[in-house]
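K.L.:
What follows is the residue order along each chain.
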Amino acid sequence: MTTIRRAFLMLSTAALLPALPATADGPTPPATQAAIPEASEPTLPTTAWEPLRFALAAEFQTGWMLQDDARRLWGKRSVGGVGLSFSYDAIRLGGRMALGLDLSWLATKTSTTMDSAATGFNLPQKSSTQVFNLGLSLRYNVFRWLSPYARVAGGTGWAALTLGSAGFDLRDRAVIYQGSAGAGLLVRSAGVRVGRTRKSPTLAFVGRVEGGYTMGNATSFSLKSSVDGSNKDPIPVAPVSIGEVTRRFPYLRISIGVGF
Amino acid sequence: MKRAYLVPLLLVLPLGCHDDSRNVGASSRRVLPIVALDDSVAYVDSTSGLAFLLNPADPALKPRLLPTGKSPVAAEKRKGANNQLLVLTHGDQGSVSVEAEPAKLVLIDPASDADPVNYDLPGRYDRLAQSDDGAFAILHYGSASSGASGSMLYNPNDLTVVTFGNNTLKSRPIRSLGSVPTGVSFSPPGSTLFGQPRNLAVVLAANYVTLLDLDQDNRTEITVPLVPDGKRTVTPVQVLFDMARPAIYIRADGSNDIFQISLDQVAPVNQGNDFRVSLSLIGSGSALSDIALFGTGDSARLLVTAPDTRQIAVLDPTTGSATSIPTGTQVNRILLFQGPSPRSVETQDRALLVGLGTGETSLVFADLKDIETAQGLALESWSITAPVVDITPLPGNIALLSQGAYGNAALSIVNLGDRTIEPVGSSGALSNVTIETAAPSRLWGTDRSNRLEYLDLIDHGQGRLFAGEVIVDRTITSISPLARQSTDGRRYLVLEMDDPMNVGYVTLLDAGQPDRKGARSAHGFLLTDYLERGQP
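The listed protein sequences correspond, in order, to chains A and B.
For the first sequence, our numbering assigns the number -9 to the initial residue and increments by one for each residue that follows.
For the second sequence, our numbering assigns the number 67 to the initial residue and increments by one for each residue that follows.
Where hints are given, some of them may not hold.
[Claimed, not checked] Derived CB-CB ranges, DEER-like:
1) B:Ala177 with A:Arg163: 33 to 41 Å
2) A:Ala171 with B:Asp595: 45 to 53 Å
3) A:Met205 with B:Asp581: 32 to 40 Å
4) A:Ser155 with B:Asp595: 20 to 28 Å
5) A:Pro224 with B:Thr503: 27 to 35 Å
6) A:Asp223 with B:Asn232: 22 to 30 Å
7) A:Ser68 with B:Asp179: 35 to 43 Å
Since the hints were derived computationally from the structure, they do not count as laboratory data.
This structure is a prediction, so every number in the text was calculated from the model and none was measured.
All C-beta atoms, glycine included, are put in the ideal place defined by N, C-alpha and C.
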C-alpha cells in the first residue's frame, strides 16, 4: 500500500515536474523527498527517468468523417473509439531523441439509425471497427517530461456493419487496411520505484495527445441476411452491395498510461 | 497490485463507445407496388426517387438504379408490346434552399443503356391512363383538392396527352364543370374512323364525358353533358366503342339508360373536329350492371344485364328497341366469347352470364345469334356448387370462376365450348391469387404463409389439371409471373417476401418448373449503393 500511495502521489504531482532538474541521474528533488517522508532507502533514489522504455496506455481516439459515405456508415460526423497501446523506445539517440515502436488496438462502435431524413430508411444500424496498428515515432525531448513527436502507423483489422434488428438483419464484415501520420506531444513524469531494490520496476505517468490523418482502403460492404439457424437448407440469398466507404479522416488521439 | 492498476483502464473503456440506438421499427420509406415488366421487375422508391430494375437472369441479382425524379406517385408497365416502365412524379415545388423540379412522366427502358426519357408535365397529376397498345397516355387529376396535387392553384380539369410515337405531350383542359375525371377509356388499338386510322379517348367525369381525338391534338375536345338539366348525378363507368357505326356507348351509375354518342362526319372548320357528336339514350328500364356489344354493322346489338329484375336485355342501338329476357337468376357480368356449344358446332357469338357476389349458384349460357327471337330458348342455366365472386377469361374459351365458399377458396374451370365445369378444391383459404391469362394459363396463390400453390388451368396433355406447391423461406406477400423468358432462357416467377425492414425481399423461381432447389433470393436490394447515393 505504501508503494501505491507513492505512485499516486507522483502522478498527482506531475504538474510540478517542470521544476525537476533535467539531468540523467540527478538526485531526487527535495520537494518530492519532503512529500514522501516514509522513504526509507537513502541509498536508492525513489524516482528516476530511466529506463522507462516501455509504456502501456489506454487509447481514446476521435475521427471526423468528412465524406458523405462515411457519415452514412457511422451515422454521425465524429466517431470515437477506445483501445490499448504498448510502446517501446527502440533506439535512444544522444539523450534527447528516441525512435519508438508501438503496437495498438483500437475499437470503434456506433449504434444509431440510418439517415432517415435523407433516405427514408429508419433501420437500426450498428457499425464497428477493430484495428491493429504498428507505429513508428520519432521523439525529441525538449524537457524530460515533454517531448514532441511525429508518428506514422499502419495496420489492419475489420469493419462490421449490421442493419436491422436481431433475428431479421443484414450484415457484413470487411477487412480494412489503413495508415496514418500525425504529430503530438508526450508528457511523462519521472518514474517511481515500486520496490526497495534496484531490480524493482519503475513506473511513470505517460500521456500523449496526437493529431493526424488516417487513410485506408475503401471498404466495400455486401450485406447478407443473417440466418436464424432454424432453417437447415435456406434458399440462397444474393448479397447486396451497398457501396464503398472512403476511409480518410483526421483524428485526435489521446492516450493515458503507465511507463516502465 | 497489478489488478489495481487496470481498474482505471477498465472504467474508461466503455466511455468511448457511443450508443445512440433507438427502438425503431420498420423502415418508414414508401415504395410503390412492384411492377412486373416482361422479363424483369421494377421497384420505385418514392423517398430516394430511384427505380430499381431487377433482372432475374443476373446471377448477382444486383438491381440497376435509375433516377425517376422526385416524389413518384405511380409506376406501371407501359401497355402493349412495350417492355418499359412508366413513372409519374410530382416533382418538387422547391423552397428557398431547394430548387423546384417539375412533375414528370418518366419512361424507362430496361433493355437500353440510355437515360430515361423525361416528359416535363405542366401539372402535378396523380392519375395515369394508357391506351391498350401503350401508344398514348393521359395524365389527369384524381381529386379536386389541392392537397392531392401539391399545388396551391391548379385546374383540376387540366390533363395532358402524351403521344409516345412522336414524343410529344399536349396539355388539354377539359370542361367537366365542377368535377374531376374519374377515368379514361381509349378506343381499341387499330380503330378506324371514316376509313382513317383514328385513336379516340373518352374522359369520364360525373355528368360529363369528353371526347379527345388523340391523332389530331390541335383539334378541340368535345364535352358531352350526360344530364343536361343537371338535376341528378350520373357517373359514367363503362365505355364501349363501335367504330364501325361509329358510336360510343356509355353505361353510368345512377342511370337506367345507356348513353349513345353517335359520331357523324363533317368537314372540319378551323380547329374543329371532322366529326360531330349527338347524344341519345337507349332505355333499358332498370339499373344496369354490365353491357357488351356483339354483332357488327346494322346487326350490332347491346347485351345488358339488369340484376334487379333478373333479366337481360338486347338493345338495338339503331332503333332503340329492347328485348328483355328473364334469366331466372341474378346475373350482373357478361363474358362474351365466340365458339361452339353442345348443341351446335357452329362458331358464333355466345355469352356466359354470372352473378358476381350475388350468392347465386347458377351460370347462364346465352346463344346470341338469334336471341331476340329465340329469347328464353337461347339461354341455358347450369348449377354450380358455390356462388361466384370473380370470373377470369382464359385462352381457349376457358373461364375461371372464383368462388368464396365457407371461407375456403374454391375454383371452377369452365370450358365455354362444351359447357363443362371442373371444380377445384382447396383445403384452405387461398390468397394473393394471381392468374396468368396468357398461355400457359397458370394460377398462383398462397395459403397466407410461405407455401406457394399453383395450378395449371389448361390441360397441357397430362390428362388432368396439374397442381403443385413450393415452400419458400418466408411468408409470400405477392406473386408476379413474368411474361417473357429472361436472357438465361428461363421465365421467372417473382415472389415478394414478408420484409419488416422494407428493404426489398424477393424469391425467384423458374415459372415453368417451380422448385425450391432452383430458387434464389435477393434481400435488401433497395439498399444497393446506399452509401454512395447522392442526397435525394
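K.L.:
Against this structure, judge whether each hint is valid.
P.N.:
Verification of the hints:
1. B:Ala177 with A:Arg163: 33 to 41 Å: Check passed, 37 Å falls within 33 to 41 Å.
2. A:Ala171 with B:Asp595: 45 to 53 Å: Since A:Ala171 and B:Asp595 have Cβ atoms about 31 Å apart, the given range 45 to 53 Å is violated.
3. A:Met205 with B:Asp581: 32 to 40 Å: violated, 49 Å
4. A:Ser155 with B:Asp595: 20 to 28 Å: Cβ of A:Ser155 to Cβ of B:Asp595: about 23 Å, so the range 20 to 28 Å holds.
5. A:Pro224 with B:Thr503: 27 to 35 Å: holds, 33 Å
6. A:Asp223 with B:Asn232: 22 to 30 Å: Given about 54 Å between the Cβ atoms, the range is violated.
7. A:Ser68 with B:Asp179: 35 to 43 Å: holds, 41 Å
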